[in-house]
Amino acid sequence: MNEKQKTPEQRPKAPLFSLKYLPMDSIRVTGALPGLVWLRPKWIYENENAKKKIRGPALVIANHSTFYDPIYISIAMWYRRNRFIVKKEIYDSKAQWVLKAGRCIPVDPQNASLDTIKAVTAALKDGEIIDMFPEGHVTHTNTDLEQFKSGVALMAVRGKAPILPIFIRDKRSAWDRMLFVVGEPIDVVGTYGAMPTFSQIEEIAEKLFHKMQQLEKLAEEYH
Amino acid sequence: MLTRQEITEKLKDILLFADPNGAEKIEKATENAVLTSDLGFSSVSILYMVIAIEEAFGIEFEGVTLQDFETLGDVITYIERKLPR
Numbered sequence: 001m002n003e004k005q006k007t008p009e010q011r012p013k014a015p016l017f018s019l020k021y022l023p024m025d026s027i028r029v030t031g032a033l034p035g036l037v038w039l040r041p042k043w044i045y046e047n048e049n050a051k052k053k054i055r056g057p058a059l060v061i062a063n064h065s066t067f068y069d070p071i072y073i074s075i076a077m078w079y080r081r082n083r084f085i086v087k088k089e090i091y092d093s094k095a096q097w098v099l100k101a102g103r104c105i106p107v108d109p110q111n112a113s114l115d116t117i118k119a120v121t122a123a124l125k126d127g128e129i130i131d132m133f134p135e136g137h138v139t140h141t142n143t144d145l146e147q148f149k150s151g152v153a154l155m156a157v158r159g160k161a162p163i164l165p166i167f168i169r170d171k172r173s174a175w176d177r178m179l180f181v182v183g184e185p186i187d188v189v190g191t192y193g194a195m196p197t198f199s200q201i202e203e204i205a206e207k208l209f210h211k212m213q214q215l216e217k218l219a220e221e222y223h
Numbered sequence: 001m002l003t004r005q006e007i008t009e010k011l012k013d014i015l016l017f018a019d020p021n022g023a024e025k026i027e028k029a030t031e032n033a034v035l036t037s038d039l040g041f042s043s044v045s046i047l048y049m050v051i052a053i054e055e056a057f058g059i060e061f062e063g064v065t066l067q068d069f070e071t072l073g074d075v076i077t078y079i080e081r082k083l084p085r
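Which chain is which? The protein sequence lines are W and Z, in order.
Residues 1 to 223 (my numbering) are what the first sequence spells out, left to right.
Residues 1 to 85 (my numbering) are what the second sequence spells out, left to right.
So here's chain Z without its partners, still in its complex pose:
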């Protein structure tokens, strides 16, 4: 099972691949970083991120809307909950 720290690193790798132009912001981002205002993600970028997470972590986002993910920490918490224990 991945630790929260490992999930964060893997998630940041996904984001760095998807948004190399925002590398500095992503590397410095804390769990409190707001996806839209701090990282500059659009709704399509967030969708892209969700799809990439599903493939990388082998999980499925169910019963959630994009509004449920305001910060990076919200995404990490969701992945943590969905990963098998």
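Pulled out of the complex, with its shape left as it was, chain W reads as follows:
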């Protein structure tokens, strides 16, 4: 059996040190200590299944209320290298070299492109973790989630990857702790198959939105 035929679980783990991941790992390591000291993150889980670490591919989705969310989600998924889907206008800015080094994938939220879908699908089929914010932009609020873009569902079904929802509750004061509410991975391919209908794609996006609302409620109830 060659590498392509193996499932992500059967493939060997990514090397701990590799030139390919050096810029990405440098960013992670540099940000980890100040992040942990300042944020003092706390993880809570929707249920027992949500506690299991993700070994294969996954599309991680989160709410997006601040520009720091990519850092927060990296901390939430500390045990895996994460690749981010980044707005094209940010990717095309002066920060491009950092984003390229971090292996980010550009997307135009108003006009989903074939290149983005193909890049995400290929990465997921390769067993990688892709992080995205399906609200499509920073909402600048900690209270109201905005409707999710349905492209998230298409990416997951084509990449044959589960979707892992994480709700991020920002620190409410300097003494507060950052809270990550981790949901149970959602197997969209198992439920809808690899080629759902248009209305099922919309239905998946709707379900993910409601799941995120449930996780938000858990965050509100946590003291």
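For the record, the hints were derived by calculation from the structure and aren't laboratory data.
Given the structure is predicted, the values throughout are model-derived calculations rather than measurements.
Backbone N, C-alpha and C fix where the C-beta goes; we use that ideal spot for every residue, glycine too.
Some clues are possibly wrong.
[Claimed, not checked] Here are a few chain W residues that sit away from chain Z, every Cβ distance over 12 Å (derived from the structure):
#1 Tyr21
#2 Arg40
#3 Gly56
#4 Glu89
#5 Asp92
#6 Lys94
#7 Val98
#8 Leu99
#9 Arg103
#10 Asp126
#11 Val189
#12 Glu216
[Said to hold, decoys possible] Derived DMTMM-like pairs: lysine to aspartate or glutamate, alpha-carbon spacing no greater than 25 Å straight-line:
#13 W:Lys125 - Z:Glu54
#14 Z:Lys25 - W:Glu202
#15 W:Lys88 - Z:Glu62
#16 W:Lys207 - Z:Asp19
#17 W:Lys160 - Z:Glu60
#18 Z:Lys12 - W:Glu202
#19 W:Lys160 - Z:Glu70
#20 W:Lys125 - Z:Glu62
#21 W:Lys88 - W:Asp108
#22 Z:Lys25 - Z:Glu9
#23 Z:Lys28 - Z:Asp68
#24 W:Lys160 - Z:Glu55
#25 W:Lys88 - Z:Glu70
#26 W:Lys52 - W:Asp69
#27 W:Lys118 - Z:Glu54
#28 W:Lys118 - Z:Asp68
#29 Z:Lys10 - Z:Glu54
#30 W:Lys118 - W:Glu89
#31 Z:Lys82 - W:Asp115
#32 W:Lys160 - Z:Asp13
#33 W:Lys125 - Z:Glu55
#34 W:Lys87 - W:Asp170
#35 W:Lys118 - Z:Asp19
#36 Z:Lys12 - W:Glu89
#37 W:Lys217 - W:Asp187
#38 W:Lys118 - Z:Glu24
#39 W:Lys160 - Z:Glu54
#40 W:Lys160 - Z:Asp19
Since the structure of chain W is already known, use the hints to place chain Z on it.
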């Protein structure tokens, strides 16, 4: 090699599978049907259609954006050009 008529029928089969709720519109659609306004496709629906076409026809969409496909006829023409002669 598939004729334009055969490509149209195969494409409509793909669309009928993907959008059974829009079956009436798809069956009646001419080549001038605009994907967004006449068939009610979103940008994600068009992406889905492109992926399904790649798999069904064994071709790859290269160097194009979704804006290049305004009508059903534009999609059929692109498939026709990409299929081996």
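(message) I'd like to know which numbered hints this structure contradicts. Please list them from smallest to largest.
(response) 19, 36, 38
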